[in-house]
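*Asks:* Here are the chains, one letter per residue:
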Amino acid sequence: MTSQNRRDLIKQSGIWVFIVVELAFFSIVGNYLSVSDQAFMDFDNMLLLLKQSAPIGIIALGMTIIMINGNIDLSVGATFALAAIVLLDSMTWPFMQNLGNWAIPLAWGFALMTGVVLGAINGLIVWKTGVDAFIVTLGSMLGFRGLVFMYNGEQPTSHLNWTLVDFAEAQFLGLHTATWFLLGTALVLWLVTTRTNHGRNAYAVGNNRDAAVNAGIRVGPHIMWNFMLIGFLAALSAVVFYSESGSVNPNDGMLYELWAITAVVLGGTKLAGGYGSIIGTLGGVIAIQLLRKGLGHIGADTQTVNLVIGLILIAVLVMDRQLNRQGKEELKI
Amino acid sequence: MTIMTKQHVVTFVAKQGILIAFVLFMVGFAIANQRFIAMDNILGVVRSSAIIGVMALGVTFVVIGGNLDLSVGSMMSFSTIVVLDLHDKVGPAMAIPIMFALTLLLGAFIGFLVGYLKLNSLIVTLGMLSAIHGLTLTWSGGQNMDIADKSGTWFSFFGQDRLLGIPVPILVFGLLAVVLSLLLSKTAFGRQVYAVGGNGQAATFSGIPRARIVFLTYLVSSFCVATAGLLQASRSLGSQNTVGQGLELTVLAAVILGGASLLGGSGTVFKTVIGVLILGFIQNGLLLVGLDFYVQYMVTWAIIILAVWLDVAAKRGRLWSPIA
Chain X
1 MTSQNRRDLI
11 KQSGIWVFIV
21 VELAFFSIVG
31 NYLSVSDQAF
41 MDFDNMLLLL
51 KQSAPIGIIA
61 LGMTIIMING
71 NIDLSVGATF
81 ALAAIVLLDS
91 MTWPFMQNLG
101 NWAIPLAWGF
111 ALMTGVVLGA
121 INGLIVWKTG
131 VDAFIVTLGS
141 MLGFRGLVFM
151 YNGEQPTSHL
161 NWTLVDFAEA
171 QFLGLHTATW
181 FLLGTALVLW
191 LVTTRTNHGR
201 NAYAVGNNRD
211 AAVNAGIRVG
221 PHIMWNFMLI
231 GFLAALSAVV
241 FYSESGSVNP
251 NDGMLYELWA
261 ITAVVLGGTK
271 LAGGYGSIIG
281 TLGGVIAIQL
291 LRKGLGHIGA
301 DTQTVNLVIG
311 LILIAVLVMD
321 RQLNRQGKEE
331 LKI
Chain R
1001 MTIMTKQHVV
1011 TFVAKQGILI
1021 AFVLFMVGFA
1031 IANQRFIAMD
1041 NILGVVRSSA
1051 IIGVMALGVT
1061 FVVIGGNLDL
1071 SVGSMMSFST
1081 IVVLDLHDKV
1091 GPAMAIPIMF
1101 ALTLLLGAFI
1111 GFLVGYLKLN
1121 SLIVTLGMLS
1131 AIHGLTLTWS
1141 GGQNMDIADK
1151 SGTWFSFFGQ
1161 DRLLGIPVPI
1171 LVFGLLAVVL
1181 SLLLSKTAFG
1191 RQVYAVGGNG
1201 QAATFSGIPR
1211 ARIVFLTYLV
1221 SSFCVATAGL
1231 LQASRSLGSQ
1241 NTVGQGLELT
1251 VLAAVILGGA
1261 SLLGGSGTVF
1271 KTVIGVLILG
1281 FIQNGLLLVG
1291 LDFYVQYMVT
1301 WAIIILAVWL
1311 DVAAKRGRLW
1321 SPIA
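Going line by line, the protein sequences match chains X and R. Using this note's numbering, the first residue of the first sequence is number 1, and each one after it goes up by one. Using this note's numbering, the first residue of the second sequence is number 1001, and each one after it goes up by one.
The hints are simulated quantities; they were obtained by calculation from the structure and are not laboratory data. Honestly, I wouldn't trust all of these hints.
Quick list of the computed label-pair ranges, beta carbon to beta carbon [as the list claims (entries may be wrong)]: (1) G216/X <-> I1020/R: 36 to 42 Å; (2) G1317/R <-> H198/X: 29 to 35 Å; (3) V1090/R <-> Q322/X: 19 to 25 Å; (4) V1090/R <-> S158/X: 44 to 50 Å; (5) H198/X <-> I1098/R: 51 to 57 Å; (6) G184/X <-> G1246/R: 30 to 36 Å; (7) L106/X <-> F1293/R: 30 to 36 Å; (8) L1319/R <-> F25/X: 29 to 35 Å; (9) N31/X <-> G1246/R: 36 to 42 Å; (10) L106/X <-> P1322/R: 37 to 43 Å; (11) S1151/R <-> M41/X: 52 to 58 Å; (12) G184/X <-> L1291/R: 39 to 45 Å; (13) I1020/R <-> T194/X: 45 to 51 Å.
Calculated lysine-lysine pairs in the BS3-like style (CA-CA distance at most 30 Å, straight line) [what the hints assert, rightly or not]: (14) K1089/R <-> K1271/R; (15) K1150/R <-> K270/X; (16) K1271/R <-> K1315/R; (17) K1150/R <-> K1089/R; (18) K128/X <-> K1271/R; (19) K270/X <-> K293/X; (20) K128/X <-> K293/X; (21) K1118/R <-> K1186/R; (22) K1089/R <-> K1186/R; (23) K1089/R <-> K128/X; (24) K1315/R <-> K1089/R; (25) K270/X <-> K1118/R.
Backbone N, C-alpha and C define an ideal beta-carbon position, used for all residues, glycine too.
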């Protein structure tokens, strides 16, 4: 095993080691400090944890491929909220009333379409104007949020469909519906990034955009496809979450972009592009949710969670730099 | 007189675009509604933009230095909560310097991470956004912070009083803008900030202490944040823990609108002030002509992208991106 391979292994397995440490820590400390009698490693508790990590998780998985591209998407929270509104509102449209339960897949379709269209707008602007994705999506974060408020002012949009709620609360083979969506998304994106041309191109574009252009990759459309993908996933996340809750506030989804980026970075993906993995992001998502639940379990206040996650993010960055710097030093020899 | 080619026009519009847009907006709104250019309305807009503005001045330094600061909103909440809490415990005269010291300490920590450890500023300040929010909640115990005796304190001077007929927040914003503008354009430090942001490696080779300069830009930023926190606390004399939440992106939008490049090395304090005023007057103007508040979001979206697009287009000499 070369030292390069060893370093890659450390980097990729780091997040899973961290998850194991978290589990052990909260299990042991929880025995002394827990406010409830329930054990932290309780099976149902873990199932719930997976379910709760689905909304941010699905978005973070999409954010991974955007960041591998060397781009970023700050508008996912607003896309999430708008898709949720379309999902719930479309079920009350007159022509949908006569369709019975067929209204549900149609409403899902409308919501997912919304996400894809919003993503396409971002992608098209990034492609055609050449403005940095950070600025484009910073702008559309405001613009899409404006659309959210235009829809229903500051009122919440609510519609409860019991068939939909039953579906969202169902458990298949023990896992909740939301968990299946999270795992399904992870599987599909893992296959896309590791087994397809599109995935290889994503790394190539992120690594060196000019070289990718010269290699004959159509970088513009490629970037646009990825923005449509993350728009779709932000909408999918909304579909999964709001099928159960049935009510959306116009401020929902705010700061989701920051949580998603945090999960992706914890999972080892580079902001500069060209490096990252879907499995790592899945680890990052679970690690954050574990931290939230674990700190709650040992009786820490919610404020501590913010503090700890922020500091861990910085610590990861310091460690990552350490690992990378060693790499460069060894290369010189 | 030389003939203006299409290229010249593009360059001219791009360079002065932000000023042209500002003037057009003002004229348009003034025609649509006379009240828009009434003195008290103008003062009202500038006054309510002052807090965003003061923060934007500091972020301008960070952005010119080639970095980002996403933690200013969360840091402003911290300053506001701390100064309000200390006001009743140690009195306003002590509370203000202690709050400034603590906020500068946070800025120094970020500056150390980004400057000396050379960590990615986006992630560091993202982490600090979360961490400082946690710190604020720990300080306040999650409760709203209020001054006990709201009428009997001179602390309200900064946010509520007028001096020579002008609201104090405007004076603070103006004074800080002039001082920081001089610092950026007339001192060696200012030139070094541009050098570090424009080409960090070249700056290092020319003997500029890159790490220290980046560190100092974050100190300037946190000083501005502390000032904004003071204005906010003094204006409301009570505050939630989330008072600054989300402001980091509005502030960044104002800085970008002013023409500072996210890649670093360009931008001025004056242009940032224009960017801040544009955001403030758009908000006010759209409300005065009777449009709903969400229109402001969409107009801001269009303006940010158009402003940066024009800038990019002028630099590459063509409107559309050459990417296939």
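*Asks:* Given a hint of 44 to 50 Å, does the C-beta separation of V1090/R and S158/X actually sit inside it?
*Replies:* Distance hint for V1090/R, S158/X holds at roughly 48 Å.
*Asks:* Below or equal to 30 Å on CA atoms is what counts here, so check K1089/R against K1271/R.
*Replies:* violated (40 Å)
*Asks:* Starting from K128/X, check that the Cα of K1271/R is at most 30 Å away, please.
*Replies:* holds (27 Å)
*Asks:* With respect to the beta-carbon atoms only, verify the hint that V1090/R and Q322/X lie 19 to 25 Å apart.
*Replies:* violated (41 Å)
*Asks:* Taken at face value, is the distance from the CA of K1186/R to the CA of K1118/R at most 30 Å?
*Replies:* Cα-Cα ~27 Å, so holds.
*Asks:* Take the C-beta atom of N31/X and the C-beta atom of G1246/R, compute their distance, and say whether it sits inside 36 to 42 Å.
*Replies:* Holds - the Cβ-Cβ distance for N31/X and G1246/R, about 40 Å, lies within 36 to 42 Å.
*Asks:* Take a quick look at whether K1089/R and K128/X sit within 30 Å of each other, Cα to Cα.
*Replies:* Answer violated: K1089/R to K128/X is near 57 Å, above 30 Å.
*Asks:* For the pair supplied as a hint, K270/X and K1118/R, confirm whether the alpha-carbon distance does not exceed 30 Å.
*Replies:* Holds - the C-alpha atoms of K1118/R and K270/X are around 15 Å apart, at most 30 Å.
*Asks:* Would the pair K1271/R and K1315/R pass a check requiring their Cα atoms to be no farther apart than 30 Å?
*Replies:* holds (18 Å)
*Asks:* Quickly compare the C-alpha distance for K1089/R and K1186/R to 30 Å and report which way the hint goes.
*Replies:* Violated. K1089/R to K1186/R sits at ~41 Å, over the 30 Å cutoff.
*Asks:* Is the hinted range of 45 to 51 Å satisfied by the C-beta distance from I1020/R to T194/X?
*Replies:* holds (50 Å)
*Asks:* Indicate whether the distance between the beta carbons of G184/X and L1291/R respects the range 39 to 45 Å.
*Replies:* This hint holds: roughly 43 Å between Cβ atoms.
Hint violations for this structure: numbers 3, 8, 14, 15, 20, 22, 23, 24, all remaining hints satisfied.
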